[in-house]
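Asks: In this note's numbering, the protein residues as written are 1 to 65.
Some hints could be false.
Unchecked claim - When the alpha-carbon atoms are kept at most 25 Å apart in a straight line, the in silico SDA-like pairs for lysine to any residue are as follows:
hint : residue 1 : residue 2
1    : Lys14     : Glu26
2    : Lys32     : Gln22
3    : Lys14     : Val30
4    : Lys47     : Gln63
5    : Lys59     : Lys14
6    : Lys32     : Gln63
7    : Lys59     : Ile38
8    : Lys47     : Glu64
9    : Lys27     : Phe54
10   : Lys32     : Leu45
11   : Lys40     : Lys27
12   : Lys32     : Lys9
13   : Lys40     : Tyr25
14   : Lys9      : Ala21
15   : Lys27     : Arg50
16   : Lys47     : Val34
17   : Lys47     : Arg33
18   : Lys32     : Lys47
19   : Lys27     : Lys47
20   : Lys32     : Ala42
Hints are computed from structural coordinates only; laboratory data are not their basis.
Quick caveat: nothing in here was measured; it's all calculated off a predicted structure.
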Amino acid sequence: MELKPMSDKPKRRKTPAWQQAQYNYEKRRVIKRVSFNIEKEADLLAKAERMDDFSGWVKARLQEV
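Kindly generate the complete structure, drawing on both the sequences and the hints.
Replies: Structural data, given as structure tokens:
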């Protein structure tokens, strides 16, 4: 099986300015993971995977609490 690149576009080199901006952006973020038991919670996982913006949905629900 041959692996193909996701895009045919040539990869651009990330400049030091871009790298610094990315670093500054990531410093202000925290990632929270949600785990699903694929045997017992397959229905919940399927719903989460169908959502276009799962992160936004979770944030909206947290605002309601």
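Asks: Against this structure, judge whether each hint is valid.
Replies: Hints, one by one, checked against the model:
1. Lys14 x Glu26: holds (16 Å)
2. Lys32 x Gln22: Between Lys32 and Gln22 the Cα gap is close to 19 Å, so the pair holds against 25 Å.
3. Lys14 x Val30: holds (23 Å)
4. Lys47 x Gln63: Cα-Cα ~20 Å, so holds.
5. Lys59 x Lys14: Roughly 31 Å between the alpha carbons, so the hint for Lys59 and Lys14 is violated.
6. Lys32 x Gln63: holds (16 Å)
7. Lys59 x Ile38: holds (23 Å)
8. Lys47 x Glu64: holds (20 Å)
9. Lys27 x Phe54: holds (22 Å)
10. Lys32 x Leu45: holds (16 Å)
11. Lys40 x Lys27: Measuring from Cα to Cα gives roughly 35 Å; hence the hint is violated.
12. Lys32 x Lys9: violated (32 Å)
13. Lys40 x Tyr25: violated (36 Å)
14. Lys9 x Ala21: Roughly 23 Å between the alpha carbons, so the hint for Lys9 and Ala21 holds.
15. Lys27 x Arg50: violated (29 Å)
16. Lys47 x Val34: holds (13 Å)
17. Lys47 x Arg33: Cα-Cα ~16 Å, so holds.
18. Lys32 x Lys47: With Cα atoms ~18 Å apart, Lys32 and Lys47 stay inside 25 Å; holds.
19. Lys27 x Lys47: violated (30 Å)
20. Lys32 x Ala42: It holds: about 20 Å lies between the C-alpha atoms, which stays within 25 Å.
In summary, the numbered hints that this structure violates are 5, 11, 12, 13, 15, 19.
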